[in-house]
Amino acid sequence: MNRPGPARRPGVRLGAMRRWRGLTLRARLTSIAALAVAVAVVGVSAVAFVAVGHQVRASVDQTLRRDAETVAASPDEWAHRTVVGSDDGHGDPDHDHDLSPRVQVLDGAGRPVGATGLPVTGRARQIATGHGQEAFEQVPVRGEDYRMLTRRAAGGGAVQVAVSLHGAHETMAGVGLAILVVGVVGVAAAAAVGALVARAGLRPVDRLTAAVEHVTATTDLDTSVDAGLDVSGRDEVGRLATAFNTMLAALRASRAAQRLLVEDAGHELRTPLTSLRTNIQLLIRADRQRDRQLSDADRGRLLADLDTQTAELTRLVGELVDLARDDHGAELVEPVDLAELVDLAVQRLPAGTPVDADYEHVSVPGRATSLTRMVANLLDNAVKWSPPGAPVTVRLRAAAGTDGTPGAELSVADRGPGVAEADLPHIFERFHRAPTARSVPGSGLGLAIVAQAVALHAGTVRVEQVHPSGARFVVWLPRRSGNAA
Numbered sequence: 001m002n003r004p005g006p007a008r009r010p011g012v013r014l015g016a017m018r019r020w021r022g023l024t025l026r027a028r029l030t031s032i033a034a035l036a037v038a039v040a041v042v043g044v045s046a047v048a049f050v051a052v053g054h055q056v057r058a059s060v061d062q063t064l065r066r067d068a069e070t071v072a073a074s075p076d077e078w079a080h081r082t083v084v085g086s087d088d089g090h091g092d093p094d095h096d097h098d099l100s101p102r103v104q105v106l107d108g109a110g111r112p113v114g115a116t117g118l119p120v121t122g123r124a125r126q127i128a129t130g131h132g133q134e135a136f137e138q139v140p141v142r143g144e145d146y147r148m149l150t151r152r153a154a155g156g157g158a159v160q161v162a163v164s165l166h167g168a169h170e171t172m173a174g175v176g177l178a179i180l181v182v183g184v185v186g187v188a189a190a191a192a193v194g195a196l197v198a199r200a201g202l203r204p205v206d207r208l209t210a211a212v213e214h215v216t217a218t219t220d221l222d223t224s225v226d227a228g229l230d231v232s233g234r235d236e237v238g239r240l241a242t243a244f245n246t247m248l249a250a251l252r253a254s255r256a257a258q259r260l261l262v263e264d265a266g267h268e269l270r271t272p273l274t275s276l277r278t279n280i281q282l283l284i285r286a287d288r289q290r291d292r293q294l295s296d297a298d299r300g301r302l303l304a305d306l307d308t309q310t311a312e313l314t315r316l317v318g319e320l321v322d323l324a325r326d327d328h329g330a331e332l333v334e335p336v337d338l339a340e341l342v343d344l345a346v347q348r349l350p351a352g353t354p355v356d357a358d359y360e361h362v363s364v365p366g367r368a369t370s371l372t373r374m375v376a377n378l379l380d381n382a383v384k385w386s387p388p389g390a391p392v393t394v395r396l397r398a399a400a401g402t403d404g405t406p407g408a409e410l411s412v413a414d415r416g417p418g419v420a421e422a423d424l425p426h427i428f429e430r431f432h433r434a435p436t437a438r439s440v441p442g443s444g445l446g447l448a449i450v451a452q453a454v455a456l457h458a459g460t461v462r463v464e465q466v467h468p469s470g471a472r473f474v475v476w477l478p479r480r481s482g483n484a485a
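1 is the number of the first residue of the sequence shown in the UniProt record's numbering; add one for each residue after it.
If you're looking for bench data, these hints aren't it; they were derived computationally from the structure. Among the hints, a few may not be true.
Unchecked claim - Lysine to any residue pairs mimicking SDA-like chemistry, simulated, CA-CA at most 25 angstroms apart:
#  : residue 1 : residue 2
1  : 384       : 296
2  : 384       : 347
3  : 384       : 467
4  : 384       : 357
5  : 384       : 365
6  : 384       : 465
7  : 384       : 317
8  : 384       : 346
9  : 384       : 359
10 : 384       : 422
11 : 384       : 309
12 : 384       : 358
13 : 384       : 350
14 : 384       : 306
15 : 384       : 344
16 : 384       : 425
17 : 384       : 339
18 : 384       : 313
19 : 384       : 418
20 : 384       : 461
21 : 384       : 428
22 : 384       : 348
23 : 384       : 334
24 : 384       : 333
25 : 384       : 270
26 : 384       : 354
27 : 384       : 303
28 : 384       : 275
29 : 384       : 273
30 : 384       : 468
31 : 384       : 395
32 : 384       : 276
33 : 384       : 427
34 : 384       : 272
35 : 384       : 463
36 : 384       : 332
37 : 384       : 409
Note that this is a predicted model, so its numbers are computed, not measured.
Using the sequences and the hints given, assemble the complete structure.
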C-alpha cells in the first residue's frame with residue numbers, strides 16, 4: 001500500500017527552505033530573535049511551572065503532616081470527627097472539603113472507626129497494621145482529587161488526613177495562564193525589539209546597497225559611503241564599507257589609467273597612421289595619373305618607408321597590448337630562473353650585437369611571461385642607445401634588498417648619452433621620450449612595461465648614470481614566495 005505522506009516530506013522541507021531564503025535579512029534576524037526568545041521563554045516557563053508545582057505540593061504536604069501529627073497524638077478524640085480546623089470537628093463535606101483537611105481514624109485492623117468517606121487503600125491498611133509509619137497518596141473522593149496522608153497512630157491503628165487539590169489545581173492553572181501571557185507578551189516584545197535592532201543594525205548595509213545600486217545604474221565611481229558610517233571601525237559593517245570604498249578607489253584609478261592610456265595611445269598612433277596614409281595616397285595618385293609616374297627609386301623609397309612605418313606601428317600596438325593587458329592573474333606564480341630568461345633574450349638580439357654578460361643562476365617566484373617582457377625591453381632599450389659596436393653590459397646576481405630580504409639583482413647598462421636629470425622622474429612613464437630620443441626609433445612604452453612587471457613582482461627598479469657615458473637600469477626582485485602580486 002502506498003504511503004504518500006512520507007514521500008512529500010522532502011518537498012515540504014524544500015519549500016520551507018525556499019520560503020526562508022526568500023525572506024529579507026531583516027525578516028530573518030527578527031524571526032531568529034523571536035524564535036530564540038520563544039525557546040528561552042518555553043524553557044524558563046517549564047522550569048518555573050514545575051518549581052511552583054513542587055512548592056504547592058510541598059505546602060500541601062506540610063499542612064497534612066502537621067495536622068496528621070495532631071490527630072495521631074490522640075486518635076480517640078478524632079474518631080468521630082470529620083474535618084480539621086472547625087470548632088466542633090464536623091463540617092459539610094460538600095462545602096468545606098476545599099477549605100479544611102478531612103480526617104479519618106483506622107483501628108489496628110485497618111477498619112474506619114468513624115467513616116468520613118476517605119478511601120482505605122492497601123497502603124493505609126499496612127500502616128494501620130504496623131507495616132510502615134506514613135505514606136502520601138493521591139486519591140479520588142466524590143469525583144475530586146485529594147492529597148491524603150496516612151500515619152501510624154499512637155497506641156496502634158492509623159489516622160488519615162486528606163485535603164482537596166481543587167485549590168492547588170486552580171493555583172497552578174492561574175500560574176500557567178500568567179506564564180502563558182507573560183511568554184506571549186515577551187515573545188511579541190522580543191520580535192518588536194528584534195525588528196528595531198535589525199533595522200538599526202542593517203541601516204549601514206542599506207546605505208551600502210544604495211551606493212552599489214547607484215554605481216550600477218550610473219557608473220559613477222565617485223560615490224562614497226563615508227557619510228553616516230564609521231569606516232574606521234573594526235566591526236563587520238565598517239570593514240565592508242572600507243572595502244567598498246577601497247574597491248571604488250581602485251576602480252577610479254583603473255579607469256583613469258585606462259583613459260590616460262587610450263588618450264596617449266591615440267596621440268601616439270595618430271602620427272604613424274597619418275604618415276602611413278599619406279604615403280599610400282601618394283602611391284595611389286601616382287598610379288592613377290600616368291603623366292606623374294614615380295620613378296623606380298622614388299617608389300622604392302616610399303615602399304621602404306611604408307615597411308618601416310608598418311613595423312613601427314606593429315611594435316607600438318604590440319607594446320600597447322603588453323602594457324594594457326590585465327591577464328597576469330591567470331598565469332601561475334612559479335620559480336623562474338632569471339639566468340635562463342636573460343640568456344634567451346640575449347640570443348634574440350640582432351646578430352652581431354656585442355654583449356658583456358656575467359650572471360648567476362638565481363630563481364625568483366614570478367610569472368615567466370611578464371619577466372620575459374621585462375628582460376627583453378631592458379636589453380632592447382640598451383641596444384637602441386648604445387653606439388654601433390659598443391657592448392651592452394648585463395649582470396645578474398643574488399642580492400639582498402634594503403630591508404635584508406633575499407633577492408636577485410639584474411642590471412643592464414648601455415654606452416649611450418645617459419639620462420638627463422630632468423628626465424629621471426619621468427623615465428618610466430608611458431610614452432615619455434626625452435628630447436634626445438626624437439631621432440631614435442621607439443614608442444616610449446618599453447620602460448613603462450619594465451616598471452609594470454617590476455611592480456607586479458613586488459620589486460624595485462632604478463636608473464643610474466654610468467661614467468663617462470651611458471645609463472644603467474637596476475632591477476631587484478624578492479626571492480621569497482608569495483611576493484608576486
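Hints, one by one, checked against the model:
no.: 1; hint: 384 / 296; result: violated (31 angstroms)
no.: 2; hint: 384 / 347; result: holds (16 angstroms)
no.: 3; hint: 384 / 467; result: holds (18 angstroms)
no.: 4; hint: 384 / 357; result: holds (17 angstroms)
no.: 5; hint: 384 / 365; result: violated (30 angstroms)
no.: 6; hint: 384 / 465; result: holds (17 angstroms)
no.: 7; hint: 384 / 317; result: holds (19 angstroms)
no.: 8; hint: 384 / 346; result: holds (14 angstroms)
no.: 9; hint: 384 / 359; result: holds (22 angstroms)
no.: 10; hint: 384 / 422; result: holds (20 angstroms)
no.: 11; hint: 384 / 309; result: holds (17 angstroms)
no.: 12; hint: 384 / 358; result: holds (21 angstroms)
no.: 13; hint: 384 / 350; result: holds (11 angstroms)
no.: 14; hint: 384 / 306; result: holds (21 angstroms)
no.: 15; hint: 384 / 344; result: holds (18 angstroms)
no.: 16; hint: 384 / 425; result: holds (21 angstroms)
no.: 17; hint: 384 / 339; result: holds (22 angstroms)
no.: 18; hint: 384 / 313; result: holds (17 angstroms)
no.: 19; hint: 384 / 418; result: holds (12 angstroms)
no.: 20; hint: 384 / 461; result: holds (19 angstroms)
no.: 21; hint: 384 / 428; result: holds (16 angstroms)
no.: 22; hint: 384 / 348; result: holds (14 angstroms)
no.: 23; hint: 384 / 334; result: violated (31 angstroms)
no.: 24; hint: 384 / 333; result: violated (31 angstroms)
no.: 25; hint: 384 / 270; result: holds (23 angstroms)
no.: 26; hint: 384 / 354; result: holds (12 angstroms)
no.: 27; hint: 384 / 303; result: holds (24 angstroms)
no.: 28; hint: 384 / 275; result: holds (23 angstroms)
no.: 29; hint: 384 / 273; result: holds (23 angstroms)
no.: 30; hint: 384 / 468; result: holds (18 angstroms)
no.: 31; hint: 384 / 395; result: holds (18 angstroms)
no.: 32; hint: 384 / 276; result: holds (23 angstroms)
no.: 33; hint: 384 / 427; result: holds (15 angstroms)
no.: 34; hint: 384 / 272; result: holds (20 angstroms)
no.: 35; hint: 384 / 463; result: holds (16 angstroms)
no.: 36; hint: 384 / 332; result: violated (32 angstroms)
no.: 37; hint: 384 / 409; result: holds (22 angstroms)
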